[in-house]
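> Here is what each chain is made of, one letter per residue.
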Amino acid sequence: MDGVTLAHGIGGAKDLPISTELVVAGAVAAITVSFTVLALAWRTPRYDDATSGRPAPGWLRRIVDAPAYRLVLRAFGIALLGYTLWAAALGKDSLINPVFGMFYVLLWVGLVFASLLLGRVWRAISPFRAVTYGLCRLSGADPATGLFRYPARWGHWPAAAGLFAFVWMELAFPGADELGSVRVWIAVYAAVMLVGGALFGYAFHENADPFEVYSTLVAHLSVWGRRGDLLVVRSPLANLHSTPVRPGLVAVVSVLFGSTAFDSFKDSTAWLTRVQSSEHPLLLDNLALLAFCLLVGTVFSLGTMATGVGKDVRRRDLPGLFAHSVVPIVVGYIVAHYLSFLFVSGQATLIQMSDPLSNGSNLLGTADWSVSYWLVLHPSLLASIKVLAVVTGHVLGVVAAHDRAIALLPKRHQLTGQLPLLFTMIAFTAGGLYLLFAA
Amino acid sequence: MRSRRTWAAVVAVLVGSATLVGCSGDDSGSSEPVVVEVTFADGDVTPKGERVEASTDQPIDFEITADEPGTIHVHSVPEQEFDYGAGSSTHEITVDKPGLVDVESHHLDQVIVQLEVS
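Just so you know, the protein sequences line up as chains A and B, in that order. Each residue of the first sequence is one higher than the one before, counting from 1 in the working numbering. Each residue of the second sequence is one higher than the one before, counting from 1001 in the working numbering.
With the rest of the complex left out, here is chain B (with noise of 0.2 Å):
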């Protein structure tokens, strides 16, 4: 009898914190594009690891500085790269499921920011 009431109650618990759960709600998303700021100087790269949000499908522009050219990857499914040169430029990017994504440097060995995609 006594496992039988533990049981109801644990049950109980589970569906009431379930429904809290339900109510979470998603932001639709913007075509305003976020722009991330990256700036390479001898042999070092910042932002090193800070965090980004977007939405899917909204444009990400890496706006970047840089004296020396180099290749930026970018971990979404599929993974995408891009070349950039010395000096400045910028580069768009979408990334289309929701998830983080580390964006990073190789030559370097440095994520340079995480997109929050949601």
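Pulled out of the complex, with its shape left as it was, chain A reads as follows (with noise of 0.2 Å):
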């Protein structure tokens, strides 16, 4: 080990903090069209999971729901997997082994990029639901549903005890740039994936393997969604509204988005000076990163809660059911965080993984490729396009919980019931502004 720490190992410099005029420029935004939205958007529901999307075009198709196109993703799923244990297993214990970049930069940020514009890709490529399907034809279950009926309860908390587990690793355990611990990490992941596959078939991968959860719920924000079998093209509003909901999903999104504030909030200098000062730097990170995801948790939830409610509906159902309208603000926030980091580091993998093994090989012919800074160099572009995609998920945030509501509430309190929620999203929102800002 070389001691270098990972976020600079894999990261180098970070973000320098947004400007006071984008920070209120973005905010005054968020506000404005959140009341512009409640004032003037419609009345009755707008979106309808069974009629929505116009169906693909038939060449698309075609290749998509061809089996052959499946095998090849599944393929290059399982290729990709084969490399990371090569190189987690016989590389070197050195920031150059391309493991972490493929850990840390392409599965965790990666993924959400590829998702927001390709759909679920994770769903597609995923190693281990190869493996499900190979061991329950061995057992002679069906691959869908494996053993067992996966209880419907659980829904999707394994994922976000999976996803924290991501992130503790990742911000508050000293031992993130080792490789054994990386290794460990991937190894437990991966029993956890194999013995739940076997068990619980594909309904395991769909609602507890955190990476799919993840890149699932993304791609509920792209072009590109299902209904029934059908591909269609919708708009990512109509395909946000098809997220199902499960138990759980609150506490995944609270997982990506206090985290995320979490990694932003411990470069600030009042906390980075505190904590250095302490005794017990790791017990204030560690506690800083839970308390900032049961934050979340808690404020969401009770800015859903606190609306009147018809007979048909539960009060505490509802943080589930508008738990899809603050997934845009998440990632309009972890583009706005992640950005120049995937941009520079994933560069950098890439040329990375042609010498899986650092003895100086070219595998892929990418060894010779130098890093482009270009976005790094252009500070004030990367500000502007970091507030714009967080005020862009507000906006979309904000008009799926409006369509929510008024499907949701009786009439009386379908005005007054939104606005505790809205004050919610501007709360987030501006809070991510404001540590884009201080951070």
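A portion of the hints provided could be inaccurate.
[As the list claims (entries may be wrong)] Simulated restraints, written as ranges between beta carbons of each label pair:
#1 B/Ala1041 / A/Thr269: 14 to 24 Å
#2 A/His378 / B/Asp1083: 40 to 50 Å
#3 B/His1106 / A/Arg314: 31 to 41 Å
#4 B/Ala1041 / A/Pro244: 38 to 48 Å
#5 A/Asn362 / B/Val1035: 57 to 67 Å
#6 A/Thr20 / B/Ala1041: 32 to 42 Å
#7 B/Pro1033 / A/Gly365: 55 to 65 Å
#8 B/Leu1108 / A/Ala427: 31 to 41 Å
#9 B/Thr1039 / A/Pro244: 29 to 39 Å
#10 A/Tyr133 / B/His1106: 27 to 37 Å
#11 B/His1106 / A/Arg62: 53 to 63 Å
[To be verified] No farther apart than 25 Å at their CA atoms in a straight line, the calculated lysine-lysine pairs in the DSS-like style are these:
#12 A/Lys411 / B/Lys1097
#13 A/Lys411 / A/Lys311
#14 B/Lys1048 / A/Lys266
#15 B/Lys1097 / B/Lys1048
No wet-lab data here; the hints were simulated from the structure. Everything numeric in this text was worked out from a predicted model, so none of it was measured. From the three backbone atoms N, C-alpha and C, an ideal C-beta is built for every residue, glycine too.
With the hints as a guide, bring the two chains together.
Structure follows, in structure tokens:
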């Protein structure tokens, strides 16, 4: 171990804080849009999962639904896993080992951008679905359902736990940049996926695989959707509306948003100087990470429940029913937070991937590429894109919440019932912008 | 109809804020060095994570007083590091790309300052 901490070893320099003008402009835009939507938007629910979206062009459907296409994607996923395991098992414990970049950059961040553009990427390439298929074939079970029915009340809770395990390792565990830690994390993850898949079939991956849940959730903001089996092109809002409501969805969203916010926060001067002067820096970081996730979940739950409800809706179901609407806010903030990291470290990872064993080889022909710092060299542009991403996410979130509110809440509570959630969303967006500014 | 009106309003707001954003200026670089005083004593270091503003390519002088020799890592792109000896010494670096750059003592596992290079 060469002693370089991960965030630096992989990321190098971090983004400059965004300017006050940008923060104010972004926050003003978010607030104005929020009330504009409330005042002017449609009064009857607009999205219907059974009819929304246009069928994708025939040629595209033929390709995407072709068994050969699925097989190719699956093989790609298996190859990627194999490559990762090879570098993880036999590579050197050095930050030029591509395992770190493949794990913390391509998997964690690249997957979000890929899913936003292409749809359910992890579901398509997940090597663990392939293993489940094989195991179920051997045991004679149906791969879709496995040997036992996946308990519906577990929902996304295991995925939330898995996502927390990832962010904990990335942000609050001192050995994040040691090969041994990454090996153990991947081994435990793979073991859970293998056993879960063998027992519960694909239902386990759909509900409990942290990366599949994350990727599929983000894919609901892409233009690619499924109506039954039909591949459709939808507006992201219609697509978002079709997000299945499962137990633990609020926890998933809270972990994603809370941890990203903590990642910004821990670089703020106030926190950095406090932690470094403390006797127990690790404990402080761990508590703060947990507190951020819990705070997001609690504030969001309160914001959705503080409304009058009709007889047909239980109040405690509301956070789950509204959880999809906070996804764009979370994704907008994640895009803002990670954009330059993906740009710079993503390139570095592609270069390192040519040399998995750190012996100077050029297996993929990328070893002699050099990293372009174009985005980093245009800090004003970068800052504007970041604020635009946050504000766009906010707009989509507010519209999605409005549409769900008029579908769920009784007429007389529709306006007042939306207000607490609207304020919650403004708080999340403004909080995110503040962290981009202050940290 | 209603939805079209909503979207028109939303777009108007976004365009409005984008124009607001357009007018952030840059400061031109200075060649006067920025001085950062660092003290190592009894296994501890000051400062502990303060921000120091600098321009790209502006010299940054670390004036170090230390009771034992050590190494400082600068997490710029590319990374830089320099050794200092016991006693007083000055070490000059420059950073050529904008960003927030951690300057660390790995030995003590501490961020000494964060350079805000713009």
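> Against each hint, give a clear statement of whether it holds in the structure.
Against the structure, the hints:
Taking 14 to 24 Å as the suggested C-beta distance range, the pair B/Ala1041 and A/Thr269 conforms, at roughly 22 Å. Hint check: A/His378 to B/Asp1083, Cβ distance near 35 Å, so the stated range 40 to 50 Å is violated. Between B/His1106 and A/Arg314 the CB atoms are about 54 Å apart, so this pair departs from the stated range of 31 to 41 Å. Remark: the range hint 38 to 48 Å for B/Ala1041 to A/Pro244 is contradicted by a beta-carbon distance near 59 Å.
In this structure, A/Asn362 and B/Val1035 break the distance hint of 57 to 67 Å, their C-beta atoms being roughly 44 Å apart. Taking the beta carbon of each, A/Thr20 and B/Ala1041 are about 37 Å apart, inside 32 to 42 Å as hinted. At about 43 Å, the CB distance of B/Pro1033 to A/Gly365 disagrees with the hint of 55 to 65 Å. Restraint check, B/Leu1108 to A/Ala427: a C-beta distance of roughly 38 Å satisfies the suggested window 31 to 41 Å.
One distance hint, 29 to 39 Å for the beta-carbon pair B/Thr1039 and A/Pro244, is violated here, with the actual separation near 58 Å. About 46 Å separates the C-beta atoms of A/Tyr133 and B/His1106, a value inconsistent with the hinted range of 27 to 37 Å. With their beta carbons about 56 Å apart, B/His1106 and A/Arg62 fall inside the hinted range of 53 to 63 Å. Using a Cα cut-off of 25 Å, the hinted pair A/Lys411 and B/Lys1097 is violated, with the two alpha carbons roughly 56 Å apart.
Among the hinted pairs, A/Lys411 with A/Lys311 is consistent with the structure: their alpha-carbon atoms are about 12 Å apart, no more than 25 Å. A C-alpha spacing of about 14 Å is found between B/Lys1048 and A/Lys266, which places the hinted pair at or below 25 Å, so the restraint holds. Simply put, B/Lys1097 and B/Lys1048 have alpha-carbon atoms about 23 Å apart, close enough for the 25 Å limit, and the pair holds.
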